[in-house]
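K.L.:
Next come the chains, spelled out residue by residue.
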Amino acid sequence: MDFSTFLQQLVNGISLGSMYALIAIGYTMVYGTLRLINFAHGDIMMVGAFLVYLAVSVGLPFPIAVVVGILGSVAVGVLTDKVAYKPLRDAPKISLLITAIGISFFLENLFNVLFGGVPKAFPAPEYLTTSFKLGEIIIPIMVVIIPVITVLILGGVLYVLYKTKYGMAIRALAFDIPTVKLMGVNADYIITIVFSLGSALAAVGGIFYAISYPSIDPLMGIIVGLKAFAAAVLGGIGSVTGAVLGGFILGFTEIFVVALFPELGGYKDAFAFFFLILVLLFRPTGIMGEDLDRGRF
Amino acid sequence: MSSALLKIHNITMQFGGVTAIDSLSFSVKEGEIYGLIGPNGAGKTTIFNIITGNYQPTEGNVNFENEIITGTKPNIVVQKGIARTFQNIRLFKSMSVLDNILIGFHNQTHYTYLEAIFRLPRYFGHEKRIRAEAMAILDEFNLTKYANHKATDLSYGNQRKVEIARAVATKPSLLLLDEPAAGMNPIETADLSNIIHKIKRDFNLTILLIEHDMKFVNHMCDLVTVLDYGEKIFEGKPADAIVDEKVITAYLGDFTHA
Chain A
1 MDFSTFLQQL VNGISLGSMY ALIAIGYTMV YGTLRLINFA HGDIMMVGAF LVYLAVSVGL
61 PFPIAVVVGI LGSVAVGVLT DKVAYKPLRD APKISLLITA IGISFFLENL FNVLFGGVPK
121 AFPAPEYLTT SFKLGEIIIP IMVVIIPVIT VLILGGVLYV LYKTKYGMAI RALAFDIPTV
181 KLMGVNADYI ITIVFSLGSA LAAVGGIFYA ISYPSIDPLM GIIVGLKAFA AAVLGGIGSV
241 TGAVLGGFIL GFTEIFVVAL FPELGGYKDA FAFFFLILVL LFRPTGIMGE DLDRGRF
Chain B
1 MSSALLKIHN ITMQFGGVTA IDSLSFSVKE GEIYGLIGPN GAGKTTIFNI ITGNYQPTEG
61 NVNFENEIIT GTKPNIVVQK GIARTFQNIR LFKSMSVLDN ILIGFHNQTH YTYLEAIFRL
121 PRYFGHEKRI RAEAMAILDE FNLTKYANHK ATDLSYGNQR KVEIARAVAT KPSLLLLDEP
181 AAGMNPIETA DLSNIIHKIK RDFNLTILLI EHDMKFVNHM CDLVTVLDYG EKIFEGKPAD
241 AIVDEKVITA YLGDFTHA
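Which chain is which? The protein sequence lines are A and B, in order.
Residue numbers for the first sequence follow my numbering, so the first one is 1 and each next one is one higher.
Residue numbers for the second sequence follow my numbering, so the first one is 1 and each next one is one higher.
Hints should not be assumed to be uniformly reliable.
Unchecked claim - Over 12 Å on every C-beta distance to chain B, these chain A residues come out as not near it, computed from the model:
1. 97
2. 173
3. 178
4. 222
Said to hold, decoys possible - The calculated lysine to aspartate or glutamate pairs, modelled on EDC-like cross-linking and capped at a C-alpha distance of 16 Å, are:
5. B:232 <-> B:22
6. B:215 <-> B:228
7. B:246 <-> B:228
8. B:73 <-> A:188
9. A:163 <-> B:127
10. B:246 <-> B:235
11. B:93 <-> A:176
Said to hold, decoys possible - Going by beta-carbon spacing under 10 Å, a handful of chain B positions derived as facing chain A:
12. 56
13. 76
14. 78
15. 79
16. 83
17. 84
18. 87
19. 90
20. 95
21. 99
22. 105
23. 125
24. 126
25. 156
26. 158
27. 187
Worth flagging that the hints you see were computed from the coordinates, not collected in a lab.
Bear in mind that the values here come from a model prediction, so they are computed numbers and not experimental data.
All C-beta atoms in this analysis are idealised placements derived from N, C-alpha and C, irrespective of residue type, glycine included.
Using the sequences and the hints, build the whole thing.
P.N.:
And the structure:
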């Protein structure tokens, strides 16, 4: 592999890693507060991409469609919590987990019924699909936009978590929900904030994904969601910075495995999970996971 | 008794077939330190959980500042001015001591999500003010030097103090302390009772406490109610409680011979 190919793969890795990171943040925040692995989270990214598709097809300009997609995903994410998870707050965690899998199937099949299972071309505007040349390497514009927006969003999330009273309450919820209520905090409202934030980020990730691999289908959230979940576990589930780190590591691994061993290209998904198993053998709580105690924001 | 801040009126609490509290009534006047004592399982903590809205009593009601608060959600009860601590310490362990206190200010910080994100002046003004207030509370408890330590790194006695400080941060008029001296050595207990008297005065508090340590109760409380199997068996001055025959048989038998 010569140097320009290396650079080319590097930017690709950053871009793919950013997408995993955006989705992994939602997994990790919900897990951090509710101890729930929200398997429906991957499907929220699909919802985001489909809502943008729908908004564009009814004639809205792309930027407005993106806003519609994000707000719609937030609504779906929050509604999921209110309808499916909230009644189970005091139930065993396994009931929550099974409910999450149920919601995941529900969303996939709902969109299958509404839009059909045939992949659809994503209506990305031309100014987002162009590329420019930097010396020898060709850089699609999205490959630059995605990491920049991801870093901005990550900064925003960390700011909310550590510098505002909402973040303070989110971090405290990870330890003890009843006690947080006794501090006068409306815990349900804070959980709604967590789901809104996570769903918004998943929608952004989904839209990025749809622009980069310009087709969408109702099952697109499954494998990407699973990998983002793997990224969250790799980074240490419960930790936001860990999720981002895990996302990038997974993105790079996937890109470079294919670049170095093109004949193994078909196994790239398997390789991501193999890598996860390898890391967990040596660090069972993930890279940023300190210990098995509650709360790791 | 118009000056009663808290009135427990005829509370009965049943869990399945078990009656944890049986038609209990008592009232706490403003400015009092009131003790709730009794053997383990007598229903003391259950009363706390009813007052703070964690449990809905089977019968009866809780009246606070001439308003019935039974059935109110825990986070609303706090806003009305009732704060509590726990028998087993429940701090936010790996957060700093200062952050633990700041959570108590949640409802006193009036900025919105957007103001915080766009860092508008109101956000800075409020953040600065509550940080100063939180430090003042820590100072009251002689905990200033631990402000940036992780809560879990503090000694047991200091963790108890942080828990009380966190409750005080919610600006209560009534403070419920669940066995504040449990597990403390005599020196820490003496220090704690000084601090409780001090914060009662400085923050204008009324205190309802659960305690086993009779020396502590005797020293602290103006009045006590003694519970046994959910029933009130004595109400009056702590000095009279330890010579009351019913109390002795229920609970303090060993104490008088000790």
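K.L.:
Next step is simple, just say for each hint if it's right about the structure.
P.N.:
Here is what the structure says about each hint:
Look at residue 97 of chain A: its CB is around 25 Å from the nearest CB on chain B, clear of 12 Å, so calling it non-interface holds up. Under the 12 Å C-beta cut-off, the non-interface status given to residue 173 of chain A relative to chain B is violated; the minimum distance is some 9 Å. Separation of residue 178 of chain A from chain B is inadequate, the least Cβ-Cβ distance of about 7 Å not exceeding the 12 Å criterion. Every C-beta of chain B lies more than 12 Å from that of residue 222 of chain A, the closest at about 32 Å, which supports listing it as non-interface.
Our distance criterion of 16 Å between C-alpha atoms is met by residue 232 of chain B and residue 22 of chain B, whose separation comes to about 8 Å. Simply put, residue 215 of chain B and residue 228 of chain B have alpha-carbon atoms about 19 Å apart, too far for the 16 Å limit, and the pair is violated. Annotation: proposed proximity of residue 246 of chain B to residue 228 of chain B holds, straight-line Cα distance about 10 Å (limit 16 Å). With a C-alpha separation of about 12 Å, the suggested pairing of residue 73 of chain B with residue 188 of chain A holds against the 16 Å cut-off.
For the hint linking residue 163 of chain A to residue 127 of chain B, the alpha-carbon distance of about 9 Å falls within 16 Å, and the restraint holds. For a cut-off of 16 Å, the pair hint linking residue 246 of chain B to residue 235 of chain B stands: about 11 Å separates their Cα positions. Only pairs whose Cα atoms come within 16 Å are accepted, and residue 93 of chain B paired with residue 176 of chain A is accepted, the gap being roughly 10 Å. Proximity of residue 56 of chain B to chain A is violated relative to the hint, the smallest CB-CB distance being about 14 Å (cut-off 10 Å).
Hint status for residue 76 of chain B relative to chain A: holds, with the closest Cβ pair at about 8 Å, below 10 Å. About 4 Å separates the beta-carbon of residue 78 of chain B from the nearest beta-carbon of chain A, less than 10 Å, and the hint is met. Taking 10 Å as the C-beta cut-off, the interface hint given for residue 79 of chain B holds, the closest approach to chain A being about 5 Å. Below 10 Å, beta-carbon pairs count as interface contacts, and residue 83 of chain B has one with chain A at about 7 Å; its hint therefore holds.
For the restraint placing residue 84 of chain B at the interface with chain A, the shortest Cβ-Cβ distance is roughly 6 Å, inside the 10 Å limit, so the hint holds. Against a cut-off of 10 Å between C-beta atoms, the interface hint on residue 87 of chain B is violated, since the closest Cβ of chain A lies about 13 Å away. At its closest, the beta carbon of residue 90 of chain B sits 5 Å from a beta carbon of chain A; the interface hint therefore holds under the 10 Å criterion. For residue 95 of chain B, the shortest C-beta to C-beta distance to chain A is roughly 6 Å, which falls under 10 Å, so the interface hint holds.
With a least beta-carbon distance of about 6 Å to chain A, the hint placing residue 99 of chain B at the interface is held under the 10 Å criterion. Residue-level restraint check for residue 105 of chain B holds (minimum Cβ-Cβ distance to chain A is 7 Å; threshold 10 Å). A hinted interface residue such as residue 125 of chain B counts as satisfied when its beta carbon comes closer than 10 Å to some beta carbon of chain A; here the least separation is about 14 Å, so the hint is violated. The closest approach between the C-beta of residue 126 of chain B and any C-beta of chain A is roughly 9 Å, which is under the 10 Å cut-off, so the hint is satisfied.
Because the closest C-beta pair between residue 156 of chain B and chain A is about 17 Å apart, greater than 10 Å, the hint is violated. A cut of 10 Å between beta carbons decides the hint on residue 158 of chain B: the least distance to chain A is about 18 Å, and the hint is violated. Because the smallest distance between the Cβ of residue 187 of chain B and any Cβ of chain A comes to about 28 Å, over 10 Å, the interface hint for this residue is violated.
In the structure shown, a violation is registered for the earlier hints numbered 2, 3, 6, 12, 18, 23, 25, 26 and 27, in ascending order.
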